[in-house]
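Undergrad: Sequence:
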Amino acid sequence: MAKIEKLWFDANRIYLLTDAGETLSRPLEAFPVLKEASESERLDFKIGRFGDDIRWEKLDEDVHLSSFYDVVEPNPDNEVARIFGRFPQINVSEMAKYIGINKSLLAKYIYGIKKPSSKRMQEIKQAFHQMGQELIAI
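Taking the numbering used here, the leading residue of the sequence shown gets 277, the next gets one more, and so forth.
Read the hints as simulated data drawn from the structure, not as lab findings.
Incorrect hints may have been included.
Quick list of in silico lysine-lysine cross-link-like pairs, DSBU-like style, CA-CA up to 30 Å [stated by the list, open to error]:
{"hint": "1", "residue 1": "Lys-373", "residue 2": "Lys-334"}
{"hint": "2", "residue 1": "Lys-390", "residue 2": "Lys-373"}
{"hint": "3", "residue 1": "Lys-379", "residue 2": "Lys-322"}
{"hint": "4", "residue 1": "Lys-322", "residue 2": "Lys-395"}
{"hint": "5", "residue 1": "Lys-390", "residue 2": "Lys-379"}
Construct the entire structure; sequences and hints are all you get.
TA: Laid out in structure tokens, this is it:
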């Protein structure tokens with residue numbers, strides 16, 4: 277397997293160069309923790325001992341080389357993005373806790389990097405409905 281030689285960022289993507297000379301990249305939406313991080317936080321990483329992973333200790337984020345072979349690009353035109361777009365005041369982190377899922381996973385749904393199952397989509401909608409009911413009760 278290839279090893280990571282170099283890692284860098286631009287405004288929207290993360291790139292790496294392998295020891296085989298291959299340049300790979302992914303949109304930052306694929307790694308929501310890195311997307312939300314500052315430039316200095318992004319640059320504070322270590323390539324793993326075997327050269328196939330990257331660790332951001334302060335961000336508690338790990339990325340494996342294999343994730344760079346995923347070709348899914350962001351799709352902001354999706355149902356989860358539209359729901360959150362209607363309510364920009366909703367904190368994604370707090371909503372993820374309310375739903376009972378990982379914040380990064382919910383962010384990937386919003387960015388269109390991952391598509392929720394129909395069951396998960398119902399859970400997301402139900403959380404919004406429940407929150408609305410709780411607000412009405414105030």
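Undergrad: Determine for every hint whether it applies to the structure shown.
TA: Verification of the supplied hints:
Between Lys-373 and Lys-334 the alpha-carbon distance is near 21 Å, which keeps this suggested pair within the 30 Å criterion. For the hint linking Lys-390 to Lys-373, the alpha-carbon distance of about 18 Å falls within 30 Å, and the restraint holds. For the hint linking Lys-379 to Lys-322, the alpha-carbon distance of about 23 Å falls within 30 Å, and the restraint holds. Of the supplied pair hints, the one linking Lys-322 and Lys-395 is violated, its CA atoms being roughly 37 Å apart against a limit of 30 Å.
For the given pair, Lys-390 sits about 13 Å from Lys-379 by alpha-carbon distance, which is consistent with the 30 Å threshold.
Figure legend: structure checked against the earlier numbered hints; the only hint not met is number 4.
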